[in-house]
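Undergrad: Chain by chain, the residues:
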Amino acid sequence: EAQVTQNPRYLITVTGKKLTVTCSQNMNHEYMSWYRQDPGLGLRQIYYSMNVEVTDKGDVPEGYKVSRKEKRNFPLILESPSPNQTSLYFCASSLRLGTGNTIYFGEGSWLTVV
Amino acid sequence: AQKVTQAQTEISVVEKEDVTLDCVYETRDTTYYLFWYKQPPSGELVFLIRRNSFDEQNEISGRYSWNFQKSTSSFNFTITASQVVDSAVYFCALRTGPNTGNQFYFGTGTSLTVIP
Chain A
158 EAQVTQNPRY
168 LITVTGKKLT
178 VTCSQNMNHE
188 YMSWYRQDPG
198 LGLRQIYYSM
208 NVEVTDKGDV
218 PEGYKVSRKE
228 KRNFPLILES
238 PSPNQTSLYF
248 CASSLRLGTG
258 NTIYFGEGSW
268 LTVV
Chain B
62 AQKVTQAQTE
72 ISVVEKEDVT
82 LDCVYETRDT
92 TYYLFWYKQP
102 PSGELVFLIR
112 RNSFDEQNEI
122 SGRYSWNFQK
132 STSSFNFTIT
142 ASQVVDSAVY
152 FCALRTGPNT
162 GNQFYFGTGT
172 SLTVIP
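Taken in sequence, the protein lines are chains A and B.
Residues in the first sequence are numbered from 158 upward in steps of one, following this note's numbering.
Residues in the second sequence are numbered from 62 upward in steps of one, following this note's numbering.
It should be emphasised that the hints constitute simulated quantities derived from the structure, not laboratory data.
You may find that some hints are simply not true.
To be verified - Simulated crosslink set (DSBU-like; lysine-lysine; CA at most 30 Å straight-line):
1. B/64 / B/131
2. A/174 / A/222
3. B/64 / A/175
4. B/131 / A/222
5. A/222 / A/175
6. A/222 / B/99
7. B/99 / A/228
8. A/214 / A/174
9. B/99 / B/77
10. A/174 / A/226
11. A/214 / B/77
12. A/175 / A/226
13. B/99 / B/64
14. B/99 / B/131
15. A/228 / A/214
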């Protein structure tokens, strides 16, 4: 089954404790992206990757890191989480950009930083 | 600038009523794509439809229909005979062309509540 898988789905952590949210897709998609969703703000892009070893900042990259060492994986790293990073996070993937390919989302990761 | 506006933050309707969710977009690209996604209370984002900028034909899928009008830069979504299961947040999205980075832009969402 084609899917985007994120882990963990739910996490409560403390300020400053590094964490990684994993994202994996099994569709051989070139494009992957991370979004955060906050009330009244919709989805905002954090980082995206056009292909392996190619990453770029989205609209709200501060406080986050990503890496794309393999095509299927695109982890989101919070080196020193803060309460303002409490949010619902979505990983997404698409075959590639430059065409009308649909973007597919993971199920979301609810992150609370206390 | 690329932008998607969903002016309706929250809508409530009684079951079986029709409801239209508005979406207005801005882009300077001539080639672009428009999408609608549904986010039920469980949180996942479900793809509903994709429409490219060269295809202004309206689309109907069961109780769902979409009206794309380039003249007004709108891509509105209508649910006919609404049901409680339609209660969700709906996002409109724009995917731009190569001139503006091929990126996705999402609206802030419209929360629809269908009252039984």
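Undergrad: Hint numbers the structure violates, sorted upward?
TA: 3, 4, 11
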